[in-house]
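Q: Letter by letter, the chains look like this.
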Amino acid sequence: MRFFRQDLHTLAGAYALDAIEPGSELTRFTRHLNRCQTCASEVRGFREVGTAMAFAATAEAPAEMRDRVLTAAARTRQLPPEIRTHARPRPARTRVPWVPWLSGVVATAAVAVAVFFGFAQAHTQQQLNQAQAQNHTLAQQQARVEAELTQAKQHDQALAQILGAPHVQLLSQGTTKGGVAVVVLDAATRKLVVATSGLPALPAGKVYQLWLIGPVKIVSAGLLPTAQSGVTSPVVATGLVKGDKLGLTVEPAPGSKQPTTTPILALPIPV
Amino acid sequence: MNPNDSDASRFTSAAADRRGERDLDDLLVHVARGDQDAFEALYDRMVGPVYGVIRRVLRDPSQSEEVAQEVLLEVWRTAARFDPAMGGAATWVTTIAHRRAIDRIRSTTAAAEREHRSVDVSPPHDEVAEAVEASLDRERVRRCLDGLTDVQRESITLAYYGGNSYRQVAELLHVTLGAIKTRIRDGLIRMRDCLGVS
Chain A
1 MRFFRQDLHT LAGAYALDAI EPGSELTRFT RHLNRCQTCA SEVRGFREVG
51 TAMAFAATAE APAEMRDRVL TAAARTRQLP PEIRTHARPR PARTRVPWVP
101 WLSGVVATAA VAVAVFFGFA QAHTQQQLNQ AQAQNHTLAQ QQARVEAELT
151 QAKQHDQALA QILGAPHVQL LSQGTTKGGV AVVVLDAATR KLVVATSGLP
201 ALPAGKVYQL WLIGPVKIVS AGLLPTAQSG VTSPVVATGL VKGDKLGLTV
251 EPAPGSKQPT TTPILALPIP V
Chain B
1 MNPNDSDASR FTSAAADRRG ERDLDDLLVH VARGDQDAFE ALYDRMVGPV
51 YGVIRRVLRD PSQSEEVAQE VLLEVWRTAA RFDPAMGGAA TWVTTIAHRR
101 AIDRIRSTTA AAEREHRSVD VSPPHDEVAE AVEASLDRER VRRCLDGLTD
151 VQRESITLAY YGGNSYRQVA ELLHVTLGAI KTRIRDGLIR MRDCLGVS
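Sequences listed follow chains A and B, in order.
When you number the first sequence by our numbering, it's gap-free, plus one each residue, and the end is 271.
When you number the second sequence by our numbering, it's gap-free, plus one each residue, and the end is 198.
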């Protein structure tokens, strides 16, 4: 296993140069990359070497290309930002120690972690309770909690990244309908994490939707996941611009393209 | 291509590098919001390296133009998926450009002429009207490539500029697959340190 891992690891160079042929090897390495922080940061560094090589190869493009591309862009619809939610972990594939990760994060963003680890704990406790209710054996329960924690760490990589950033800010504001939204902002990467607590429960067919309300445009930042014991698990939103406010509205499921009701929250985001 | 553009010093000092990157990152974030002026500015700064690297890999000018257009349009379309945590905007854009060039090789021409692609190791001299700002980058890259062992240098240029997979590189250089993987990685580590990439 260890040999296999190391063998995979040496592929980081070939991968960064797009020199692995499509197939099972590429799939395996890509999957490995999601789990291996060291490999990911190595690939990032190598990609920058590639960037330097691309700049070194700079050549003058045909002048008529410019108009063609700009015209085509004006007619081309853009994809919305990718919104990752952290609602429901998938079953863990491998066991990874989670304690070192936690201590690393705690060292850099103690407050934020206190808030979010609170959520994580609530989630874990709930899993444990469920397991107990189902009368599983102790060993099974432990394995399950361990798997949950492992998974929480893994699927929360985006979250871990934001919480681990050097200058995160913690913001919070009550909504006009009660309850509170808590935001961890990493201004440097223009990302934020939102979780809420105590929002009123919604009737069937209605959802809470987040918005980035900018000076020019309003962009959806995804739906809040269904609350577990009053708490919604963290949602990551990216692509903040200066002057954005974080808005929250009640929308008909499965969400709207633009807000259709008055925001119950409009929290200025200092980026 | 304004020679006074801050891109000229992109790889000359770490601080300037970071400054340049930040501007480009900023542009890309505005592009993600549908800002066409920002896209125009981004186009002007990135079209040289984008077209250049694609041309280097594909060689054929008209195919290169086609792929470069696709890439720049993809940048517009998917700008919201840019993640600054995964690297700067310049890296994001050139990574897409290189990958699309490789995709093109592997799909169309590759099927017909599955011949191995050799490549001259030195950065190009023969290109028409090379932009002034590229020369600094070219000098640095050349110097750093010169610091590698022959096999490291050849495998990296055959892979990146030549568009060969590491398997093809191994055959071209008569070296085992395992050795090539290691040479490429070791070479990139040295390049990374030499270029002052963090």
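For the record, the hints were derived by calculation from the structure and aren't laboratory data.
Since the structure is predicted, the reported quantities are computational estimates derived from the model, not experimental observations.
Incorrect hints may appear among the rest.
Covered by chain B, according to a simulated footprint, are these stretches of chain A (three or more residues, beta-carbon under 8 Å) [stated by the list, open to error]:
no.: 1; stretch: 48-61
no.: 2; stretch: 175-184
no.: 3; stretch: 193-204
no.: 4; stretch: 209-222
no.: 5; stretch: 255-267
Ideal Cβ placement from N, Cα and C applies to all residues, glycine included.
Q: Determine for every hint whether it applies to the structure shown.
A: Structure-based check of each hint:
{"no.": "1", "hint": "48-61", "result": "holds (count 14)"}
{"no.": "2", "hint": "175-184", "result": "violated (count 0)"}
{"no.": "3", "hint": "193-204", "result": "violated (count 0)"}
{"no.": "4", "hint": "209-222", "result": "holds (count 4)"}
{"no.": "5", "hint": "255-267", "result": "violated (count 0)"}
Going down the numbered hints, you'll see the structure goes against 2, 3, 5, while the others check out.
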